[in-house]
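Asks: Sequence:
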Amino acid sequence: GQDSKVIQLDDDGNLCDFLMNDKCAAGTGRFLEVISRTLGTSVEQLDSITENVTPHAITSMCTVFAESEVISLRSAGVAPEAILAGVINAMARRSANFIARLSCEAPILFTGGVSHCQTFARMLESHLGMPVNTHPDAQFAGAIGAAVIGQRVRTRR
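So the sequence shown is numbered by this note's numbering: it starts at 1036 and just counts up by one.
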């Protein structure tokens, strides 16, 4: 994906607030794909590659600048695993700051394709200071929600 959303619901599941960042790809699945490809790997391998790795600090979260920084770090001899862990950590920190704008409380449900990256989920938990839940089918959350709404609308006719 190329956007990030925070949706806050009340105890009954009703929408309270909504934020969306679709102006910048940094912190999205697409960003993670670009950086992974730059380092010669895929997003499917991120958890195994970054397990128990100390993240290297990444200063740029702009997709273009981050890609250049990654190339420079590799040229300087920084291990790809540390760079990837650093990118994921920077993304998780940025996401936590985005979530904090709505003063969200637990429980947090993390959906979308990036939610399959357990390294990201763990780092997000660390930055938020609260548990983050995921689901094996989290990348389908939007489609499932649309289908449920469509069924409700159709049933009302």
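Just so you know, these hints were derived from the structure itself, not from any lab. Every value quoted in this text rests on a predicted model; they were computed, and no experiment measured them. Hints should not be assumed to be uniformly reliable.
As the list claims (entries may be wrong) - Derived SDA-like pairs (lysine to any residue); straight-line CA-CA distance at most 20 Å:
| id | residue 1 | residue 2 |
| --- | --- | --- |
| 1 | K1040 | A1117 |
| 2 | K1040 | A1176 |
| 3 | K1040 | A1131 |
| 4 | K1040 | E1104 |
| 5 | K1040 | P1142 |
| 6 | K1040 | I1179 |
| 7 | K1040 | R1129 |
| 8 | K1040 | R1192 |
| 9 | K1040 | A1111 |
| 10 | K1040 | P1115 |
| 11 | K1040 | L1054 |
| 12 | K1040 | S1138 |
| 13 | K1040 | Q1186 |
| 14 | K1040 | P1090 |
| 15 | K1040 | S1110 |
| 16 | K1040 | E1068 |
| 17 | K1040 | R1157 |
| 18 | K1040 | S1103 |
| 19 | K1040 | A1178 |
| 20 | K1040 | T1190 |
| 21 | K1040 | D1052 |
| 22 | K1040 | G1112 |
| 23 | K1040 | L1050 |
| 24 | K1040 | E1116 |
| 25 | K1040 | E1086 |
| 26 | K1040 | M1055 |
| 27 | K1040 | V1188 |
| 28 | K1040 | N1132 |
| 29 | K1040 | F1175 |
| 30 | K1040 | R1189 |
| 31 | K1040 | A1114 |
| 32 | K1040 | R1191 |
| 33 | K1040 | I1106 |
| 34 | K1040 | T1169 |
| 35 | K1040 | M1096 |
| 36 | K1040 | R1128 |
| 37 | K1040 | R1187 |
| 38 | K1040 | M1165 |
| 39 | K1040 | G1180 |
Asks: Would you mind marking each hint as holding or not holding in the structure?
Replies: The hints, checked one at a time:
Proximity of K1040 to A1117 is assessed by CA-CA distance (about 27 Å); at most 20 Å being required, the pair is judged violated. Annotation: proposed proximity of K1040 to A1176 holds, straight-line Cα distance about 12 Å (limit 20 Å). For the hint linking K1040 to A1131, the alpha-carbon distance of about 12 Å falls within 20 Å, and the restraint holds. At most 20 Å may separate the alpha-carbon atoms for a hinted pair to count; K1040 and E1104 exceed this at roughly 26 Å.
For the hint pairing K1040 with P1142, the CA-to-CA distance comes to about 16 Å; that is within 20 Å, so the pair holds. Between K1040 and I1179, the direct Cα distance comes to roughly 16 Å. Compliance with the 20 Å bound is thereby established for this hinted pair. Distance check on the hinted pair: K1040 and R1129 sit about 12 Å apart at the alpha-carbon level, within 20 Å; holds. Proximity of K1040 to R1192 is assessed by CA-CA distance (about 31 Å); at most 20 Å being required, the pair is judged violated.
About 35 Å separates the Cα atoms of K1040 and A1111, which puts this hinted pair outside 20 Å; it is violated. For the hint linking K1040 to P1115, the alpha-carbon distance of about 29 Å lies beyond 20 Å, and the restraint is violated. Taking the CA atoms of K1040 and L1054, the gap is about 6 Å. The hint holds against a cut of 20 Å. The straight-line distance between the Cα atoms of K1040 and S1138 is roughly 14 Å, inside the 20 Å bound, and the hint therefore holds.
Distance check on the hinted pair: K1040 and Q1186 sit about 24 Å apart at the alpha-carbon level, beyond 20 Å; violated. At roughly 25 Å between alpha-carbon atoms, K1040 and P1090 are farther apart than 20 Å, so this suggested pair is violated. Taken as a hint, the K1040 and S1110 pair is broken in the structure, with Cα atoms around 34 Å apart against an allowance of 20 Å. Of the supplied pair hints, the one linking K1040 and E1068 holds, its CA atoms being roughly 18 Å apart against a limit of 20 Å.
Taking the CA atoms of K1040 and R1157, the gap is about 19 Å. The hint holds against a cut of 20 Å. Restraint check: the Cα-Cα separation between K1040 and S1103 comes to about 26 Å, which exceeds 20 Å; the hinted pair is violated. A hinted pair counts as satisfied when its Cα atoms are at most 20 Å apart, and K1040 with A1178 qualifies at roughly 15 Å. Our distance criterion of 20 Å between C-alpha atoms is broken by K1040 and T1190, whose separation comes to about 29 Å.
A threshold of 20 Å between alpha carbons decides the hint, and for K1040 with D1052 the separation of about 11 Å falls inside it, so the pair holds. Restraint check for K1040 and G1112: the C-alpha separation of about 35 Å exceeds 20 Å, so the hint is violated. Distance hint between K1040 and L1050 is fulfilled; the C-alpha atoms sit about 13 Å from each other, no more than 20 Å. Using a Cα cut-off of 20 Å, the hinted pair K1040 and E1116 is violated, with the two alpha carbons roughly 27 Å apart.
The suggested pairing of K1040 with E1086 is violated, with an alpha-carbon distance near 26 Å, which exceeds 20 Å. Distance restraint check for K1040 and M1055: the Cα-Cα separation of roughly 4 Å lies within the 20 Å cut-off, and the hinted pair is therefore satisfied. The suggested pairing of K1040 with V1188 is violated, with an alpha-carbon distance near 24 Å, which exceeds 20 Å. Of the pairs offered as hints, the one joining K1040 and N1132 holds, with about 12 Å between alpha carbons and a cut-off of 20 Å not exceeded.
Pair hint K1040 plus F1175 holds up; C-alpha atoms about 14 Å apart against a cutoff of 20 Å. The hinted pair formed by K1040 and R1189 fails the criterion: a straight-line CA distance of about 27 Å is larger than 20 Å. Taking the CA atoms of K1040 and A1114, the gap is near 31 Å; set against the 20 Å cutoff, the hint is violated. Among the hinted pairs, K1040 with R1191 is inconsistent with the structure: their alpha-carbon atoms are about 29 Å apart, more than 20 Å.
Taking the CA atoms of K1040 and I1106, the gap is near 29 Å; set against the 20 Å cutoff, the hint is violated. The suggested pairing of K1040 with T1169 holds, with an alpha-carbon distance near 15 Å, which does not exceed 20 Å. Using a Cα cut-off of 20 Å, the hinted pair K1040 and M1096 holds, with the two alpha carbons roughly 17 Å apart. For the hint linking K1040 to R1128, the alpha-carbon distance of about 15 Å falls within 20 Å, and the restraint holds.
Taking the CA atoms of K1040 and R1187, the gap is near 24 Å; set against the 20 Å cutoff, the hint is violated. Of the supplied pair hints, the one linking K1040 and M1165 holds, its CA atoms being roughly 18 Å apart against a limit of 20 Å. Taken as a hint, the K1040 and G1180 pair is honoured in the structure, with Cα atoms around 15 Å apart against an allowance of 20 Å.
Hint compliance for this structure: hints 1, 4, 8, 9, 10, 13, 14, 15, 18, 20, 22, 24, 25, 27, 30, 31, 32, 33, 37 are not met, and every other hint is.
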